[in-house]
Amino acid sequence: MASQAARKMDSGFAAWLRRDLLLAYRRSGEVASPVIFFIMVSTLIPLGLTPEAAQLEKVAAGMIWVMALLATLLSMDGLFTSDYQDGSLEQMLITPQLLPLPLLGKITAHWLTTGLPLTLVSPLLGLMLSLPSVGYLPLVCSLALGTVCLSLVGAVGAALTVSLRKGGLLLSLLVMPFYMPVIIFGTATVSYAVDGLNWLPPLAILGAMFAASVALCPLAAAGALRVTASN
Amino acid sequence: MSQVPLLSVENLAFDRDDSCLFSGVNFSVADGDLLQIEGANGSGKTTLLRLLTGSLQPSAGDIFYLGQSISKCRYGYLSDMLYIGHQPAVKLNLSAEENLRWMVASSAQSNSLSVQDALTQVGLAGYTDMPCYALSAGQHRRVALARLLISEARLWYLDEPFTSIDKQGVIFLQSCLQQHVAKGGAVILSTHQDLALSGLRKYKLLPSVESFT
Amino acid sequence: MSWLSDKFSSTLSGGPSKESPSWQWFYRLGSPRWFYQRSGQWLPWLSLVALLVLATGLVWGLAFAPEDAKQGNSFRIIYIHVPAAFLAQSGYFIMAIAGAIGLIWKMKMSYMVMKAAAPIGAVLTFIALFTGAVWGKPTWGAYWVWDARITSMLILLFLYAGVMALQYAYHSVDAASRASAILALVGTVNIPIINKSVDWWYTLHQPATIKLTSAPSMHMDMFMPLLVMIVGFYLFYAVALILHTRNEILRRERKTSWVRELVTAKAGG
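Protein chains in written order, with the working numbering: chain U, 14 to 244; chain H, 51 to 263; chain X, 414 to 682.
Hints were generated in silico from the structure; no laboratory data involved. Everything numeric in this text was worked out from a predicted model, so none of it was measured. Yeah, the Cβ is synthetic: ideal placement off N, Cα and C, and Gly gets one too. Keep in mind that a hint or two might mislead.
Stated by the list, open to error - Some chain H residues near chain U, calculated using beta-carbon distances under 10 Å:
no. : residue
1   : 122
2   : 126
3   : 139
4   : 180
5   : 185
6   : 257
As the list claims (entries may be wrong) - Straight-line distance between alpha carbons at most 20 Å, and here's what the computed EDC-like set of lysine to aspartate or glutamate pairs gives:
no. : chain 1 : residue 1 : chain 2 : residue 2
7   : X       : 483       : X       : 634
8   : U       : 71        : U       : 208
9   : X       : 521       : H       : 65
10  : X       : 521       : H       : 67
11  : X       : 550       : X       : 560
12  : X       : 668       : H       : 68
13  : X       : 679       : X       : 666
14  : X       : 519       : H       : 65
15  : H       : 254       : H       : 83
16  : X       : 519       : H       : 88
17  : H       : 254       : H       : 112
18  : U       : 179       : U       : 99
19  : H       : 254       : H       : 67
20  : H       : 233       : H       : 244
21  : X       : 521       : H       : 147
22  : H       : 217       : H       : 179
23  : X       : 668       : H       : 65
24  : X       : 668       : H       : 81
25  : H       : 252       : H       : 81
26  : H       : 233       : H       : 81
27  : H       : 233       : H       : 202
28  : H       : 254       : H       : 88
29  : X       : 521       : X       : 661
30  : X       : 679       : X       : 661
31  : X       : 519       : H       : 67
32  : H       : 122       : H       : 112
33  : X       : 519       : H       : 112
Full structure from sequences and hints, please.
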């Protein structure tokens, strides 16, 4: 009985993860848009600021992080919307499994289709914004950890606004303050490396944020979804 | 054993903000029962079904599964329940087979019937690999209804299951319900149609009289 | 977090009659009607005390406290700035606690307190930011400086804005209350993290500026009026919260007979 329950708990996570990945694969055009946004906005920076490498170098880490944050926010809105509209969210709410597990499956799928691609293309942006070469590894590491936090925290906001007609803008408003610690330590990781300091401590703090949000955000999102389902 | 009903609803009420949608709903369902919830548009049929699934909280009263309040035996109750709502929960970008496979994987108990066979039985043979956006609304509903064939849950809650399916489908679904009831399951459904099912009981949901104290 | 509240409510939702007498006050506090009537009796006295304490603090701070050696008279703005910043922070926690009580015990009354607390807190945060900017001009030579505390205050204002926006976005009162209570709780967990991060970020960039006043190093003659002002602001906050909550009670309970009687009695008499 217990092992059966354990198997089912796992399938709650795996079933949703598999389904969302499959869905993302079918709509790869939509999935690509955060990455394209990420790259396109980065061309605006030299246009709006300056093409001089010496100046770009200073703002590169911060700009890449800000754009990654905005790209994630852009994709966050769709996390639950279509499931809410076609009734599959309701089915999720009445599964006997603990709700945070299927949610974690969905969030993992979201990260694999937004956060991970953003992380992978970030060196390219580093190149375009003349980030010093010592900054590349810290940039990738900090984005890999940080974007998971962004997806997890964003899921809480998405859950709170899922039943609202124009939830997208409100979602950004709700979630943005919670993103600030992530961006502080994300950019610090890179700037430490560029300044020749040990960049592991700020990365470790990002790791701590990652651990805390994995533990807490699915719970908060589950609570939020139970509320919005009754609306 | 037979004294404790499978499901009983006692004095259930639901308020939407400060107006009462319905109150004093009482009924019980035993093995082999088929209950049709009737009521005008907006009388709260869907709300009642969603209260039964536990996704909404009643304002008053309680729902008992095998004599226990459903808030105390959540896992057991939800494992023994199947709900098909207004929306069929079909993803348009997935094929019928993928949709059904996911639905089965995320629900609690299932029998040995294969997904392919279930889809054939609901008349979707030859459509299983097509993405669902190429299928009609009635076919979407058939995908959702194929869950009934695979599920081992004893309690079925069906919200307007007959919408947008054709005559043949209606006959099939009715026989499906009849079989489930014969095996000792129970069905609660909401529909406006008159059903030719033996042993069908009806519960009429009356609009609550607005009263404030 | 209704999965959590379900567990609690199944043991606690029996209502006043079934519970032991020690819980009675808690349930009575949960009755909007009882709260409305009681708070009506306290309110004039509380307002009077708040007014007296605020007046004492202001006169003491603005007229009698000694001038600051470096900043001259401009430092006197702390008698508004610091208490407002204080209350802005604790106001968020008060709001979140009210929301948590609502979620756990399904008490409608505490949702009303939560809703009432949000705009008051936001206004106090704005006052703290505004006075900070006014004070910043003579001290730092600029209205806006990215100081750690000011940045934290700005983020706090965003947090308040989020709770208020969510509150108004829902049609259903119940969903609005529960959704914004969850948001307020998430905010409560995050505020210490945000503040610590911003502090750390500030030390990282180390701009050469004067730190804002730190209370222990202040002269007693300056500090005492500040203490009086903080107490006065707390009292004022209580008055404002009760007034807003009473407003909210009337709005949400407008269809009940006691509110109708109250209104017709007022109109008739």
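So, going through the hints one by one against the coordinates:
{"no.": "1", "hint": "122", "verdict": "violated (14 Å)"}
{"no.": "2", "hint": "126", "verdict": "holds (8 Å)"}
{"no.": "3", "hint": "139", "verdict": "holds (4 Å)"}
{"no.": "4", "hint": "180", "verdict": "violated (13 Å)"}
{"no.": "5", "hint": "185", "verdict": "violated (13 Å)"}
{"no.": "6", "hint": "257", "verdict": "violated (20 Å)"}
{"no.": "7", "hint": "483(X) with 634(X)", "verdict": "holds (16 Å)"}
{"no.": "8", "hint": "71(U) with 208(U)", "verdict": "holds (11 Å)"}
{"no.": "9", "hint": "521(X) with 65(H)", "verdict": "holds (13 Å)"}
{"no.": "10", "hint": "521(X) with 67(H)", "verdict": "holds (11 Å)"}
{"no.": "11", "hint": "550(X) with 560(X)", "verdict": "holds (13 Å)"}
{"no.": "12", "hint": "668(X) with 68(H)", "verdict": "holds (8 Å)"}
{"no.": "13", "hint": "679(X) with 666(X)", "verdict": "holds (16 Å)"}
{"no.": "14", "hint": "519(X) with 65(H)", "verdict": "holds (14 Å)"}
{"no.": "15", "hint": "254(H) with 83(H)", "verdict": "holds (16 Å)"}
{"no.": "16", "hint": "519(X) with 88(H)", "verdict": "violated (31 Å)"}
{"no.": "17", "hint": "254(H) with 112(H)", "verdict": "holds (19 Å)"}
{"no.": "18", "hint": "179(U) with 99(U)", "verdict": "holds (17 Å)"}
{"no.": "19", "hint": "254(H) with 67(H)", "verdict": "violated (23 Å)"}
{"no.": "20", "hint": "233(H) with 244(H)", "verdict": "violated (23 Å)"}
{"no.": "21", "hint": "521(X) with 147(H)", "verdict": "violated (46 Å)"}
{"no.": "22", "hint": "217(H) with 179(H)", "verdict": "violated (24 Å)"}
{"no.": "23", "hint": "668(X) with 65(H)", "verdict": "holds (14 Å)"}
{"no.": "24", "hint": "668(X) with 81(H)", "verdict": "violated (43 Å)"}
{"no.": "25", "hint": "252(H) with 81(H)", "verdict": "holds (16 Å)"}
{"no.": "26", "hint": "233(H) with 81(H)", "verdict": "holds (9 Å)"}
{"no.": "27", "hint": "233(H) with 202(H)", "verdict": "holds (11 Å)"}
{"no.": "28", "hint": "254(H) with 88(H)", "verdict": "holds (5 Å)"}
{"no.": "29", "hint": "521(X) with 661(X)", "verdict": "holds (11 Å)"}
{"no.": "30", "hint": "679(X) with 661(X)", "verdict": "holds (18 Å)"}
{"no.": "31", "hint": "519(X) with 67(H)", "verdict": "holds (14 Å)"}
{"no.": "32", "hint": "122(H) with 112(H)", "verdict": "holds (11 Å)"}
{"no.": "33", "hint": "519(X) with 112(H)", "verdict": "holds (16 Å)"}
Consistency with the previously given hints fails for numbers 1, 4, 5, 6, 16, 19, 20, 21, 22, 24, ordered from lowest to highest.
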